[in-house]
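Chains as they are written, first to last, in this note's numbering: chain A, 1 to 334; chain B, 335 to 631; chain C, 632 to 1189.
Take these hints with a grain of salt, some might be off.
Stated by the list, open to error - Quick list of in silico lysine-lysine cross-link-like pairs, DSSO-like style, CA-CA up to 30 Å:
1) Lys5/A with Lys367/B
2) Lys718/C with Lys875/C
3) Lys940/C with Lys875/C
4) Lys735/C with Lys798/C
5) Lys1003/C with Lys1013/C
6) Lys940/C with Lys1005/C
7) Lys875/C with Lys83/A
8) Lys783/C with Lys798/C
9) Lys820/C with Lys740/C
10) Lys1040/C with Lys1107/C
11) Lys1107/C with Lys797/C
12) Lys740/C with Lys822/C
13) Lys940/C with Lys83/A
14) Lys1107/C with Lys83/A
15) Lys185/A with Lys996/C
Unchecked claim - Pairwise CB distance ranges, derived in the manner of DEER restraints:
16) Lys5/A with Glu1063/C: 36 to 44 Å
17) Gln1015/C with Pro60/A: 48 to 56 Å
18) Thr851/C with Ala189/A: 18 to 26 Å
19) Pro393/B with Gln1046/C: 33 to 41 Å
20) Lys5/A with Ser520/B: 20 to 28 Å
21) Gly968/C with Leu414/B: 28 to 36 Å
22) Asp918/C with Leu11/A: 54 to 62 Å
23) Met529/B with Asn123/A: 49 to 57 Å
24) Arg959/C with Val612/B: 55 to 63 Å
25) Val129/A with Leu414/B: 30 to 38 Å
26) Thr851/C with Gly192/A: 22 to 30 Å
27) Lys798/C with Pro60/A: 52 to 60 Å
28) Ser520/B with Leu11/A: 52 to 60 Å
Everything labelled a hint here was simulated from the structure, so no lab data went into it. Even for Gly, the Cβ is constructed at its ideal location relative to N, Cα and C.
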Amino acid sequence: MRFLKRLSHMLLVLVGVSILMFTLVRVIPGDPVAAALGDGVSREEIARIRQQMGLDRSIPVQYVHYIGGILNGHFGMSLTEPKDVGEIIAERLPATLELVTVAMLVAIAFGVPFGVISAVNRNGATDHVSRMVSLFGVSFPQFWVALMLQLWLGAWLLLVPITGRSGLPPAEPITGFLLLDSLLKLDLAAFGDALRHILVPALVLAVGPLANVTRLVRASMIDELGKPYIALNRAVGMPSFLINYKYALRNASLSALTVVGFLFPLMLGSAFVVEKVFVWPGIARFGADAIIANDFNAVVGVALVVCVFVVVINFLVDELYGWIDPRIRLSAEP
Amino acid sequence: MTAPSDSAFDLEVATPAYESGLSRGLARFRRNKLAVVGAVMLLLTVFIALLAPWIAPYPEDIADAVHFDRMLQPPSWGFLMGTDEAGRDILTRLMYGARLSLLTAFVVLGISVVIGVPIGLVAGYYGGRVETILMRITDTFSSMPALVLALAIAVVMGADLIHSMIAIGLVWWRGFARIAHGQTLSLKQEGYVVMARTLGASDFHVMFREILPNMTSPLLVTISLDAGFAILIGTAISFLGAGASPPTAEWGLMIASGRHYLPDAWWPSLFPGLAIFVVVLSFNLLGDGLRDFFGDD
Amino acid sequence: MSSKDVTSAVGGLLIQSRRGFILGGAAATLLAGQSGAVLAAPEAAPALRFGVELEIASLDPIRSTNNWETMLAANVYDTLVYPDPEKKVLPWIAESWQLSEEGKTYTFKLKSGVPFHDGALVTSDDIAFSMQRMLALGGPIAGYFHNIDANKIVAPDAQTISFTLKKDDPAFLQTLFMFKIVNKALILKNKMEGPHGEFGDYGARFLQANSAGSGPFSVTEYRSSELAELTRFDRYPFTSWGPKNPGKVRIMIFPELVTIATKLRSGELDIGSVSIPTQVQRQIAQDSRFVVERHPQPTPWFVVMNNSKPPLDDVHVRRAVAHAYDRRTVIDHILGGGEELRGPVPAQILSGCEGVDVYEFNMDKAKAELAKSKYSAAELGKFQLEIAAVASSERFKNVALLLATNLKKLGINVQVKAVRWTDITAAQTKPETAFNFVVYYESPRVPHPSQILTYYSKSGWGGAYPPGGMYYDNPKVTELIRRGNGISDPAEAQRYFCEAVRLIVEDCPAVFSHIDVRQFPHGRYVTGFRAFAGATPFDLRLNTYEIDTSDTAYRPSR
């Protein structure tokens, strides 16, 4: 029952997103058809094609067509490449997903321990240091950090390649994730190459979220540590180590899960600048390039896909949260 | 389980003290030295921004001057931060850029508050279908990453600095709507509100004269913290080419322009980034301090 | 292609053609590239790694517009005749030709035994098909061939082809440098649905991503925004492959010039793009492992103006703009080199013109000209003008910025807009949408004044190219150009062209900036660069380039 309610809520939000995007795409002044067809096309041709594309129908009808097209993967023709935006997005989505996933893993892998240490050593030196670090971390403009790291590690120290996803010719994709594919094929050279390329972009993408994860885990750990059962365990003589890392952390990692849902939108937003700086062949870079080209279909298409992802992930995370923590699930039953 | 707002939050418990509200708050604020540092840095930035035409070393360099004969010169005594790709003094342009960044924060937050707070107020006050519809709309906007949506809006409106500021504002109101909504829900049970309604005050009066003034503190905290985010997003949009256009002395745009000359000329991209960092940090420190000052909400 | 190779090709015709004949039969059943007499197998020969910043949108030679697409087409496809800086035109796939009495029909005798990459031999059928295809599909290059009568393309036998022009054209042979010969059989085997009857889409989709040529290289890998890989065609009859010539050319696309510069320095690239900012190239040159080639090119830089839109419809305003253009700063500081340009045609193409003005950079003279215009200062201030610079290029942006700044000092509001090349060319096709100013440079594909001058008359109006947006017309100029084109004696024709140029400069429809000095940064172990090969981009025919892999500066990939 609750699941259905939440599902309908999610669908409603998706509809809202699509209406918003549709408004953006149709509000454009100027004629997208003429722009897409280029020169040498007569006015009659343009009118005929507009009619063919249904651009002369009423707005609600156009909206229905738009949604129909979206569900079929047609987001409109791109001005930067002679393909449908949907096709381009499908090609480049794995690159972005891989980058964001690796960044998320980095943020959690480092953020959770930092948060725990911070909470346990509350108000101690480590705590203050990590609070300062996370405060600094969210204050840096991400695109600038990306540039500086690219400059320092890539151009000056020549430690890592400064752009791109791979230095090798493309291989047959299995999952679309270069790291996974190369492991599955036991191609360590390819794995190393993919790792070297993804390292810095993922790090940059992870910086802000890492800071957020640290703060969140710290806060909820503090909450947990203040709870009665912890005091009971201490009184009973359970070693601190066990208390901290077994009980409190396990409960606190639920909030780490929320963090994933919360961080995902942040990361997808930051991916635009990171992918642009590192020339990462993902959908965000395609969107960023489309901005300069005034390619409305592309920008709005990418925005739509990103938003849909965020909504769906949020929904899944919420469901997962409820499933893991029965208290929440049971308490919400009508 | 609703998603938390975009602002960084912290559940640290504040230390209680037993003096009067204001002196208690001030004592807390002063104790939080970092907040003071943040406030000072911010005041310095405002100061520099306001006085830029008089204290900048090369005031003609903010927009229409080009000096290609001295392009890309490294930092020196004559040009403390070096010159950019058109020979303009970077320090001067940095100072003017402060104006634009502060303006971004102002415009974005202005629009966000003006749109978001009434929506949240009305939703929380009236409840029922009005609430459902308004909060659903808020949810829709909340689900979208701010930068992505602001980019889409800015591109459609036409890439321009003002348009980008408006675009961010049109996206950012959702956080304020949520806060206002939550606050209204709890505040509308308060005695003075019930009293006002019984006495026949209009809904408008109750909302904007009774409830609103009592939610200023959490709003102020959010405003301060969000100002930093507004600047980060605004400069990112200009960096991507959907905001300020040359030769505007906007920090994000300066970084984007300087990028072409890396790695040999590192100074056009380095200093504007540091400037962004300093201003955003000061807003964050201040916001943290304000949160302590007002207690936990 | 050195002259030694040409003479050996022409002189050794008999041997070549016999070898070609022998190979032809066998080769027809083999795939291209790997068989036959080779001096060095492609795998052992080094790969030349070229870093470029612009996308190669199409492999189709009739669609090549930007530098790199043109360079690729020049390497993958071949032509009837070949350019030479002194002799102008050399026989190539056409070993001889004759011009009819009235000067309108060219009959070419083709060399026999010239192979395509797939082994099929080039015949007059392919030539006729290539021309018909180009005329039918249109495009920027087809624009140069409107003079050909499409109904009078005759191929009486396999080695003979004749074209008949609508009007006689002394530059026709040189125009043929742009006419690339495609493999008819291969294309028709891969044709798709289309509006051209039995020819379907004329292989438009196929050629966009595949090659069907006979040039020194064939395309073996292609991803439009990342890479185009060319592999040596060992049986190319017009060259002798040595061990240092490239076995492969990898044209790698990096949208950021910074990336190209960095990869060049780290040894991952051998040649970097010409568009790398001059300051960065100077830095690269300081490292002894690298060399920056600097060659003056017959490449004039312009700021074209839209003469149809106020206030640029007033000659005094245009002259004021010319006086506000600071040529010295552009050459010395922004571009790092350049030579004087008098009028629209560079001296390498049209020399010996006298009395052609140059508008000196002088703000007082600019103001004086403005005072003579029909617009008052207040009226001028109301216009919001735009100067378009190609988006990926810092150089164009800086030139535009310099001019815009100076114009603002005159009270003319000009904004610099970074616009994509395709958007610029599309906008120029209509007088209402054409930009007020566009900064661009011309790479003359036909080293004849008529190619540039055609835009200074009504016949050039609305072309999908920056000067197509000038909308300038002076009947005297048009007449002089027409006369000049009708005279076959170059010295005679020159007189008419020079007079036309003189008048054009007086009317000042565009700012004539300078002649480019092209700068290529590359590893010192790459040789083969030349100043001018007779026509662009034949100096970038990479089969004569050599890579010295024993040089310590060379770093092979992986």
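For this structure, which hints from the list above don't hold up?
-> Result: hints 1, 3, 7, 10, 13, 14, 15, 16, 17, 19, 23, 24 and 28 break, sorted rising.
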